[in-house]
Every structure is written in C-alpha cells, then in structure tokens.
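Colleague: Kindly produce the complete structure, drawing on both the sequences and the hints.
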Amino acid sequence: MTGVSLMNRTGGVLILLMLLHWTPLLNGQQQPTAMELLQALDENMVAENRITVSTMIIHGRRGSRSIQSKSWTQGSEKSYTEYLAPARERGTKMLKVGDQLWTYSPATDRIIQIAGHMLRQSVMGSDLSYEDMMEDQTLSEMYTPEIVGSETVEERDCWILELTAKTPGITYHSRRAWIDKERNIALKETRYAASGKLLKEALVQEVFQVEGRWYPKRMTFKDMLSTGEGTEFIVNSIAFNAEIPDYIFTKAVLRR
Amino acid sequence: MLLFKLAFRNVIGAGLRTWLNVIVLSLSFVTIIAMQGLYKGMQYQAEDAMMQVEYAGGQYWHPAYDPYDPFTLEDSHQPVSGAAQRAVAAGDAIPILFTQATIYPQGRVSSALLKGIPPEQEIMEFPSEQLLQSDHALPAIVGTRMAKSNRLAVGDYLTVRWRDANGTFDAQDVQIVHVFSTIVSSVDAGQIWVPLERLQSMLKMPNEATLLTLRQGLTDPPVLPGWDYKGLDILMADLREMVTSKQVGGSIMYLLLLFLALLAIFDTQVLSIWRRKKEMGTLMAMGLTRRQLIGLFTIEGGMYGVLAALLGALYGTPLIVWFATHGWEMPEMVDDFGFAIASKLVPSYSFFLVLGSTLLVLATVTIVSYLPTRRIAKLEPTDALRGKLT
Numbered sequence: 092m093t094g095v096s097l098m099n100r101t102g103g104v105l106i107l108l109m110l111l112h113w114t115p116l117l118n119g120q121q122q123p124t125a126m127e128l129l130q131a132l133d134e135n136m137v138a139e140n141r142i143t144v145s146t147m148i149i150h151g152r153r154g155s156r157s158i159q160s161k162s163w164t165q166g167s168e169k170s171y172t173e174y175l176a177p178a179r180e181r182g183t184k185m186l187k188v189g190d191q192l193w194t195y196s197p198a199t200d201r202i203i204q205i206a207g208h209m210l211r212q213s214v215m216g217s218d219l220s221y222e223d224m225m226e227d228q229t230l231s232e233m234y235t236p237e238i239v240g241s242e243t244v245e246e247r248d249c250w251i252l253e254l255t256a257k258t259p260g261i262t263y264h265s266r267r268a269w270i271d272k273e274r275n276i277a278l279k280e281t282r283y284a285a286s287g288k289l290l291k292e293a294l295v296q297e298v299f300q301v302e303g304r305w306y307p308k309r310m311t312f313k314d315m316l317s318t319g320e321g322t323e324f325i326v327n328s329i330a331f332n333a334e335i336p337d338y339i340f341t342k343a344v345l346r347r
Numbered sequence: 563m564l565l566f567k568l569a570f571r572n573v574i575g576a577g578l579r580t581w582l583n584v585i586v587l588s589l590s591f592v593t594i595i596a597m598q599g600l601y602k603g604m605q606y607q608a609e610d611a612m613m614q615v616e617y618a619g620g621q622y623w624h625p626a627y628d629p630y631d632p633f634t635l636e637d638s639h640q641p642v643s644g645a646a647q648r649a650v651a652a653g654d655a656i657p658i659l660f661t662q663a664t665i666y667p668q669g670r671v672s673s674a675l676l677k678g679i680p681p682e683q684e685i686m687e688f689p690s691e692q693l694l695q696s697d698h699a700l701p702a703i704v705g706t707r708m709a710k711s712n713r714l715a716v717g718d719y720l721t722v723r724w725r726d727a728n729g730t731f732d733a734q735d736v737q738i739v740h741v742f743s744t745i746v747s748s749v750d751a752g753q754i755w756v757p758l759e760r761l762q763s764m765l766k767m768p769n770e771a772t773l774l775t776l777r778q779g780l781t782d783p784p785v786l787p788g789w790d791y792k793g794l795d796i797l798m799a800d801l802r803e804m805v806t807s808k809q810v811g812g813s814i815m816y817l818l819l820l821f822l823a824l825l826a827i828f829d830t831q832v833l834s835i836w837r838r839k840k841e842m843g844t845l846m847a848m849g850l851t852r853r854q855l856i857g858l859f860t861i862e863g864g865m866y867g868v869l870a871a872l873l874g875a876l877y878g879t880p881l882i883v884w885f886a887t888h889g890w891e892m893p894e895m896v897d898d899f900g901f902a903i904a905s906k907l908v909p910s911y912s913f914f915l916v917l918g919s920t921l922l923v924l925a926t927v928t929i930v931s932y933l934p935t936r937r938i939a940k941l942e943p944t945d946a947l948r949g950k951l952t
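Protein chains in written order, with my numbering: chain A, 92 to 347; chain B, 563 to 952.
In short, the hints are calculated from the structure, not lab data.
Quick caveat, the model's predicted, so the values are computed rather than measured.
No false leads were mixed into what you were given.
Below 30 Å or equal to it, Euclidean Cα-Cα: the simulated DSS-like pairs (lysine-lysine) are:
id : chain 1 : residue 1 : chain 2 : residue 2
1  : B       : K710      : B       : K906
2  : B       : K677      : B       : K792
3  : A       : K313      : B       : K710
4  : B       : K792      : B       : K808
5  : B       : K677      : A       : K288
6  : A       : K161      : A       : K313
7  : A       : K288      : B       : K710
8  : B       : K766      : A       : K288
9  : A       : K313      : B       : K677
10 : A       : K272      : A       : K257
11 : A       : K313      : B       : K766
12 : B       : K906      : B       : K677
Counterexamples of contact, computed for chain A against chain B with all Cβ distances above 10 Å:
id : residue
13 : I202
14 : M215
15 : R247
Built from N, CA and C at the ideal position, the CB exists for glycine as well.
Modeller: The following block contains the structure:
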C-alpha cells in the first residue's frame, strides 16, 4: 500500500497530515492561529473523492521491495485499494468502510476482516500497521493545536504545530507537524505515545502541485521504535473528484 | 490338571519354535507396558506442572475471555469487586490481567502478551517475587522460550508498546530482571510478566483483571458473580486429549509388534494341528473328548503368553525400573510442542497398568490360540489315526 492510498483510507488523518496544502491564509505574511492552520488542513485533506496510483518501497533487512497499488477514496470513510504489482501481490485487495477493514487474497480466495490483534500487524511488511489506517476523524476534531515555533525542514521554512489529543480515545496522544510556510504543506510529522515516547515519523522529500494543491510526491514513513529504514511512498498519479461508482465500496468488489 | 501338564510338556518339547514365539511376544509385553507408562508419566508430569505454575486450584475467567480467540482479549477485563475482591483479600485467589502488546527486541517488531501478576502472590509456584525489585523503572520477567526467541537476557531493556483502555498508544522500556525456566510453555512463549498494579495503571484499568486463579485445596470454589468458573477438568481437557491422541498414535507401533507375535502363534497352532493328527487320534482313542483336545491345544497356545509374560518380567522389570528412575531425556525441540513436556520424561507404572496390559495380551493370545483348534470339533478318531484331517 502506498502512502497516498493510506491517506485515502484515513481521510488524511495519518499520512495526509504531511501532505497538506494550505490555502493562501498562511502564505508567510502573518502568523495564523493554530486552529486556523488545523482547520485549513482538514479542509484540504479530505477530497470528495480521489483515485491514486502509487508505489510503496519497503526497506527491509534483506533488501527492498516495491509494491504498486491503485486506490479509490471517497471522503474520509470509504477507501478501496487494489494491488497491481509485483505478481505475488497482484490481485490482493483491501476495503475500508467506516471502522471496518477487509482484505482479499487471490491465493486463498478468502475475504478476511482485519480486527482485534490483527490490526497491529504490519501492512505488507511496511512500517504502517492496519490500525494506522483506521482513523477517520479530522485532526481538528481530535486535537487541540498550538504553534510552538518555526524550523527549517528540507531547506524550507516551516511552522511547528503541536497537537494534543482532546479526548482520551485518540490513537496518538500527541503529534507535531512541520508546515511549509509558503507551500502550505506538512513536510514532517512525528507521533507520540501517552508517555511522550516517539512512535512514528513521516518525512516528505519531494512535493508536486496537482489541481491547485501541493501534494507530496515522495515521502518516508518510519516506525521509530524499530531499527528499519522505513517505508517510502511515491505518488505516481492522482486524480481528484473523479467519478467513482458506488459498487467500488461494497464487499462484493473484493472478489471481482 | 492332566491337560496342563501335557500342554506344558508339548510346549517345552517344541523347543526353538516355542522360544521364538515367546521372545517376540515378550517384546510386545514389555513395549506395551513401557509405552503406556511413558504416556501416563507424561500426562502426570504435565498436569502437575500446569497446576503448580498456571492453574493452581482452577480459574475464574472474564465471560468474554477465550484463550484461543485473541479477538476477545481486548474486551476481557473487568473490576475485581464484591465476592471476587473478598476472595482475593482472603488469599483464595489472585487477579491476573492480560493485554496485547508490540515489542521491539533489537529493533525488530514482534507481538507479545503483556501479563500483570501480583508480585507477592503465593498461589502459583511462579517467580513473581522477582518483580518486587524496586530499583527498576518497570521490572519484567520472561520465560526461557521467550528469552531465546527474542534474544533477551537479564538486565536487557525492551521497548513495549500497547494501547490503553481508551485505545491510545503508549510505550515504555521494561527491564528484564529475571528469566525463569518452566516446562509450561503457556506461561512463557510470547509473554512478558510485569507487576499487576503497574499494568493496571499503564492500561488505565484500575483494579481490573482478565482472570482469577484460585488457591489449590479449596474444597468449594467461591461463587463469583460475573466470572466464569473453569475447573481443572476443563483447564486440563486439552492436555488430556493431546496425550490421548499421542497414545493412539504411539500404540500403532506396539500393536504391530503384537500382531506379528499373534500371527506367529496362530501359524504355530495351525501347523501343530496339521502335524499332530495321529497324536490327536491316539489321544481320542485313549479317551480324550474333542472338547478336551481343543482345550489342550488352546492351553498350549495360552502358555506362550504365560511364558512370554515371565520372560518379559525377567528382562523387562529391571529395564522398566531403570527407565522409571532415570527418565528419558527429551530433545530441545519438544519445547515447541505447545504443551508441558518436561526436559526429562519419567514414566509412571502402576500395578493396574501392568496387570491390565498383561491380562489383555494373555486374553488375546488365548483367543488366537483357540481359533485354529475349532477344526478339531469335526475330527473323527479313525481318520485322525490314519493321518486324515477332515
């Protein structure tokens, strides 16, 4: 699964946070309030629908492997992904509707609902777990934001936005996002446990502009507790507000 | 009595043919008894170890808890209150709390079960007192299997990540303060034990537990509303079924041996009847009835069993005694079998086991000896004297 496909699933609560495209609100002239930043972020994160083709490069101990996929996303609740390559993964499908997630494997011809402890498992051996994909609330609903400074990331000036969970049930107790002041996109994000321990980090290395939005072209997502080199996501193509038929988000599509 | 004397003389007189039958049959005797004792010993050892280390006098489970369904674990916790609290206060039970966690040994990602146990508990023979070491931020103990599979040693720090009762991620480093060795893999493999109160605090589940383990020797388990009682019969059922299935699998070998011995006896009987036609005619002419003749041959066959039992006892007893004393060293891989097998299996032989096995073999031998003799029922003495068998 690619970073973008994950974003599509989660409505941007996870990966999309870094992919933000700010409106001219920020534009480096005047410091916006933290809540303005976050709301602008939410507005830009969730497209009505989106079709993405992306590549995920998983760097493991025994080398790297690439997985290509195509995702159809509607709002923040519905997402469907089909794996295209390599041959071993081709035909594997994943459907998320609300808080339910199913996978289909052509090798076994079985549909499995991912729940409970299985949500903790890695997606295709990447640094993302299934539970990373299950959040579908917007950031402004989940977090209280605060601007804590500015810093340079990837040679770009960024606001540092600190997010603290409003309620106890949020997956990550706090996050920190580095937002490009001119391009209005998050270039880096870190996520923390309730104890303050750093759990995950995402870093955008390359961005591009699509239909007026700045979007990450290439980014790396890393589980900071493990020693791996992280998982790289590359967006090959993306189309916003494309026509997506309703049957795409039904379980029947998994066996098609 | 005459028949017995005659049968004994005939059997001994047959020489090598008799002793070959007896030797093969005695091997069956010894093998059957040795194997049965081995399985019994394995079951007793495992049950004893599981009672000491895990089940004690039985358990009360949260109604949703199913050890074979990890999906149930998330919801399997509730406050220890009312009767359950009183049982814990009286020292009749200890609460244990489970949660699933992700661990990062040497930076690798792995799943584990995080278990909280009161360090001061004395109900289980489990080294929970090691968790009292207060100079560690979060002391943890693991079994040798867990330590081996994740390359952990005493003093190592291990990052553990979990979700609290609200679903929020939390993570902390634990220090391994003790590595214990047990044959009960169900308290070892994939598990990390920490102090109960610390785990309750980490999970934001104050005073909650997944199950309660009862003290051994309680005549009547206390009635704890809201908890499902699991007696030792239920808790040990899987183990007993597994031993039974292994017993069935293992019995194939000695049944094969027994079959060979019985086949030899059957052949001997058939051959004997065919070769001793004139002898049978003479005996009938001297007044032996057909029934007595059948009895004679059946006793001869049965005597193989008796002689085999004696011979088996002669060399089998010291062998079995040595086996029961020294046990049988198990290879290391049995740790992965999933149930409690000691590193050394000590067979358990009871009087009834030996008697039962002996009687079973003797009865089988007698029946097999009888079957070929049925032809004698139609034997005419005159034909027999002429060497004819109709």
